[in-house]
Structure formats: structure tokens, C-alpha cells
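2 protein chains.
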Amino acid sequence: MQTFSQFLKIIENFVSEQRFWGKNTSLYEPIEYMFSLPAKRVRPALMLLGYQLFSKDYQKALPIAFAYEAFHNFTLIHDDIMDQAPLRRGFPTIHIKYNTNAGILSGDALLINVYEYIRKHTPSEKLDKVLECFNKMAIEVCEGQQMDMEFEKAQVVSLTDYLEMIQFKTAVLLGASLSTGAILADASDADTEFCYELGTNLGMAFQMQDDYLDVWGDQNQTGKQKAGDIINGKKSAPYILALQVLPEYEKQTLINIYNTDKPQQEEKIKIVLGLFEQAGAQQAIRDLKNVYHSKTVQLLEHISAPDENKKHLHDLIELLLDRNV
Amino acid sequence: MQTFSQFLKIIENFVSEQRFWGKNTSLYEPIEYMFSLPAKRVRPALMLLGYQLFSKDYQKALPIAFAYEAFHNFTLIHDDIMDQAPLRRGFPTIHIKYNTNAGILSGDALLINVYEYIRKHTPSEKLDKVLECFNKMAIEVCEGQQMDMEFEKAQVVSLTDYLEMIQFKTAVLLGASLSTGAILADASDADTEFCYELGTNLGMAFQMQDDYLDVWGDQNQTGKQKAGDIINGKKSAPYILALQVLPEYEKQTLINIYNTDKPQQEEKIKIVLGLFEQAGAQQAIRDLKNVYHSKTVQLLEHISAPDENKKHLHDLIELLLDRNV
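Here the protein sequences come in this chain order: A and B.
Under our numbering, read the first sequence as residues 528 to 852, first letter to last.
Under our numbering, read the second sequence as residues 528 to 852, first letter to last.
Honestly, I wouldn't trust all of these hints.
To be verified - Distance condition first, Cα-Cα at most 27 Å in a straight line; then the derived DSSO-like pairs of lysine-lysine:
#, chain 1, residue 1, chain 2, residue 2
1, A, Lys838, A, Lys583
2, B, Lys656, A, Lys647
3, B, Lys587, A, Lys647
4, B, Lys653, A, Lys653
5, A, Lys663, B, Lys647
6, A, Lys656, B, Lys653
7, B, Lys656, A, Lys663
8, B, Lys587, A, Lys656
9, A, Lys587, B, Lys663
10, A, Lys653, B, Lys663
11, B, Lys647, A, Lys656
12, B, Lys647, A, Lys653
13, A, Lys663, B, Lys663
14, B, Lys761, B, Lys778
15, A, Lys587, B, Lys656
Read the hints as simulated data drawn from the structure, not as lab findings.
Chain A on its own, in the form it takes in the complex (with noise of 0.2 Å):
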């Protein structure tokens, strides 16, 4: 039985001796480069996690989970594009340190092998369900995506739409790492629809800790801009939950400020909090988060697998869900 980090370890190994198709360097080295940026890997352990609750043999799922990383990847790559960032991991993203034509075409063609790599590790008669399960999550989060942008344009964001998005955007990925690794692992269709519910749930609850930590976490722990959503006016969950319970003054007000380009930072992060405080902010989107978090430890107790497979998948909950948020 592997823990979580020896499957880092293990995956962290198969990433490097990956060579992708083709004799075209151009087209392959943003691809490379992209793989040589440090990662969490979280959804290929999540996959590999999801085989072991039903079966020992894990490296014959190693390759799909190799093929979710990289289409991780391939949606990174071309999000970057689409948000003009400059950064990804620390480092240049793609379009910046090659240029945006090689950030499309190497996206494309890493999805094509993306698929690939499907067609070529899957047993023949799961074929049909592995795809049919990756697409599904694959148009999700494409359309995720372009909830997300519509949304940069938006003031006002209903909670259910934001939900939505983040569901489609960020969650139904790990739902599906861990779901194809049952699927793989011959699971039962019920328990397979378990470990779908588990991984969603579970990248809720972190998405919900994620806005949470960005706003009241510990910079020295979460390693990012303090507020950085507030300064860059990012419609995150504190900001909508917000906006859904304040008086009609105060909610102008916090539209108002929170979408004004490049007011005084300090200023502006101390009206928001104070406006965040009034509405209970939170302490709701805590809630919001246990909510998913609860799920996500119930859904693991109903899936028919002995205790001590479940283990590491457990350890895995609570190592990315922290207990003070």
C-alpha cells in the first residue's frame, strides 16, 4: 500500500521519462518546459489513490494518471493565454517565454496526446468509459473557464453561478482522477459515482479554503500576496457571500470599491474587510467549506473498500483540507 507522497515520488519519476511524439522541438519544448515546472501532482495521485481503495496493481493506472496531469497542464497553458498572466508556478508560463502561437499549437498538441496516452493505456474494454467520463469532464472545464471570464466582466455574481463555476473549473477534474482510477480498478458503478462525489467535493471544499486563506490566512503559510483577490477585485467567495447578505448601502458600496481599478490598496483592503466582517463573510464561507468537507469524509465512508485502503486517501483529505479553516 503506497501513501500519498511515495505516489509523488512514483509520479514525479514517470513525468521524467516522459518523451513526448515527433521530431519537431519546437513544437514539444514548451511542453517539456511546462512539465519541469514544479508541481503538486495532486490530481494523478488522486487517480492513483482512487485505484488502490480497490486494487493493488497501481502502475497499470500510471499512465492515465500521467495523461490527467498533462491535461492539467494543457488547460494551464492555455488559460495563461487567455488571462494574459505572466507567471505560472513561479515561472514564465508558456505564451511569455515563447510566444502565444506556441502556447496554442503545443496546448493542442498536448491534448491530442493527452488522448493518446488514453487510448494507448487503457485496457480495450474500459476504453468506452474512461473517454466517456473524460470528456464530460473535459467540456466541463472548458466551460468553467468561460463562466470565469464572463464573470471578470460581471459586478455582481450569484453564489449559485460561482459554485458552478469553480464546480466546472476546478473540482470535476479531481472527480474524475479519482472516479477513473476506481473505474480502472473495476470498482462498482455506485462506488465509482462515490469516488466522483469525493474528488468534486473535496476540490469545492479546497477552492472554498483557497478564497478563505487569500483573504485571513497566514501569508508565511499560504505563500502568496496577502488579499490578493481584493487588490486584483477577483469575484472570489468572500466577495459574493458577501454581497448576499449586506444592506442595499453597504452592498453598493463594496461593488463599488471592489471594482474600482487601482484605488489605494491599503485603503481599499480595510473598507472591504470591515464590509466582509459585517457580513459575517468568514465565518460563512467556513461553513460553506465544512459543508464539502463533511461530504467529501462521508462519501469516502460509503465506498465498499476495506479501511485500510481507504487510509491513504483519507490522510490525503485532511493534508489538503486544514482543520483551522
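Please build the complex by placing chain B on the supplied structure of chain A, with the hints as guidance.
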């Protein structure tokens, strides 16, 4: 037995009935727009003609033929961004009509939809083979686009490199269309391979003809700007063939005038045409085109199918390839 033009109507009808997944209009509107533009539908028609060589119930291949047309559209959407093309089929390109992000993301969503069409409509025992053929072709199309973009920046391109580029960028998609029709109709491996080669050679001959007609064609017939490739300094076959045979001084003259930005157009065309004539480029490209044309016809003879089944594919070849070039 359906003729090419009957298949075209069947395909147009099928195209008009398709609706894409999901509720997010902004994501799917550009895709619907792309399909609404006038198009030749050569690739899906080839697939159905390939199917019809071996079996009658072409309806089974229709969704996969559509998927190939959709893949072609995906490549056009992303290529148009990379090439900064303002028009496609006489209408604004997606990145112009909408924006670049819409082009990137809708293209991605379309490619994922292509895979879902293939998964959903391919009999499970053939899915691996159909996907293997598709993935190999798709990655080559990316490599062809990469080569094409690199050639834009180079002054001299070898004939070998140029032929490989158009094989990858254009021809293999016709080869894969025809051979996937054969796979779906239970053709033997040998016949499937003949179909792949036939389609690829047809694509090469067609591209040679296209390059030829741009320089020496009748503008009323082509509907394109006369000598557009010369004006734009496009490294097409006549230029590359001429460089192969011209003496050093004339070679340098051709390189200089061909790659100069905006010289007097009439003067440029006149000098370039003179150098093409000196090099015998017109006859050389005719010969090259005829080699591919002859291979196409020979390959059709090699295929083990009744002559009556081959008739409509033969007619299409003669329709696409002008005997006067």
C-alpha cells in the same frame, strides 16, 4: 450507391441537425458560426466514399464523418488565430468576429466534442483502431502547422521539407478520412492502408494544383487574387522548385525580390514569373502533381472492391484534380 454530390447533401443535412453540448451559449456560438459558413465538406464526403467501397450502410459512418469535418474546423479556428487571418471562406474569422479568447476556448471545446462524437458513435470493437488513426493524423496536423509557421520566417525551404509540411498539414487528413471510412466498413488492413495512401496522395496532388493555379491559373476559375502567393511571398511549390534549379545569381535575385516587403506588385510578379519560367517551374510542378495524381489512380486500382463501388470515388478524384494542370 451514392454519388459525391448526393453525399454532400446528406452531410449538409447532418451538419445542420447537430447541436453542441452544454448550455453555455458564448462557448458554442462561435462553433455554430463556423459550421454555418459555406464549406466544401471534402473530408466527410471522402470518408463516406471510403465506407461505400466496402459496405452500403453509410449512415453508420455519418457521425464520424461529421467529427472529421469538425476536426477540420477546429484546426481552421486555431490556425486563423496563429496566422492572424481576417477572413475564412469570405467571412470574418472567429477571433475577428468574437475575440481571440473565444477562438482559443471554442476551438478547444470543439476538439473535445470531436473525440466525444468518435467515442459515442464508433462500435466499441473498432474504437481503438479509429482513435489510433485519428490521433496519429491529428498530431501530424499540429506538426505541419508548426513547420508552416517556421517556413514563414525562413527565406529558403527545401523541397523535401515543403512536401513533408503539406503532407502533415493538409494531406494526411484526407488519408485518415478515407481510411477511417474503410475501417468502419470492415475493410482488410491492406485495403485500409491503400485508402490512407490514396487520400494522402490525393491531398498532395490537390495542394500542388492549388499552388500551380495561384500562379498560372485562370482567376475567373480560382476565384482568388491572381498570383497572391507571389505578392505575399508565400513559399509555395513554384518558388521552392525554382530555387532548386536556378543558378546562384538568379537564385539570390529570386530570394531577394520574393521576400521583400511590398515592392511594386506588378514589377515583382513580372520578375518572379520570368525567373519561374527560366527555372522551368511550371512544368516541374505539373510533373510533380501528375506523379501524385497517378499514384492516386493506381492505388484505387489496388483496392479490393467491386469496380462499381469505386466509380464515385474515381469521379471525385477527377473532379478535384484538373487534367489541364
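Verification of the hints:
1. The straight-line distance between the Cα atoms of Lys838(A) and Lys583(A) is roughly 14 Å, inside the 27 Å bound, and the hint therefore holds.
2. A threshold of 27 Å between alpha carbons decides the hint, and for Lys656(B) with Lys647(A) the separation of about 10 Å falls inside it, so the pair holds.
3. Proximity of Lys587(B) to Lys647(A) is assessed by CA-CA distance (about 25 Å); at most 27 Å being required, the pair is judged to hold.
4. For the given pair, Lys653(B) sits about 13 Å from Lys653(A) by alpha-carbon distance, which is consistent with the 27 Å threshold.
5. Between Lys663(A) and Lys647(B) the alpha-carbon distance is near 12 Å, which keeps this suggested pair within the 27 Å criterion.
6. As the CA atoms of Lys656(A) and Lys653(B) are separated by approximately 15 Å, the hinted pair is consistent with the 27 Å bound.
7. Distance restraint check for Lys656(B) and Lys663(A): the Cα-Cα separation of roughly 22 Å lies within the 27 Å cut-off, and the hinted pair is therefore satisfied.
8. With a C-alpha separation of about 21 Å, the suggested pair Lys587(B) and Lys656(A) falls inside the 27 Å cut-off, and the hint holds.
9. Using a Cα cut-off of 27 Å, the hinted pair Lys587(A) and Lys663(B) holds, with the two alpha carbons roughly 23 Å apart.
10. In summary, the hint linking Lys653(A) to Lys663(B) is supported, as the alpha carbons are separated by about 21 Å, within the 27 Å threshold.
11. For the suggested pair Lys647(B) and Lys656(A), the alpha carbons sit about 10 Å apart, so the restraint of at most 27 Å is met.
12. For the hint linking Lys647(B) to Lys653(A), the alpha-carbon distance of about 14 Å falls within 27 Å, and the restraint holds.
13. Only pairs whose Cα atoms come within 27 Å are accepted, and Lys663(A) paired with Lys663(B) is accepted, the gap being roughly 23 Å.
14. At most 27 Å may separate the alpha-carbon atoms for a hinted pair to count; Lys761(B) and Lys778(B) meet this at roughly 16 Å.
15. Simply put, Lys587(A) and Lys656(B) have alpha-carbon atoms about 21 Å apart, close enough for the 27 Å limit, and the pair holds.
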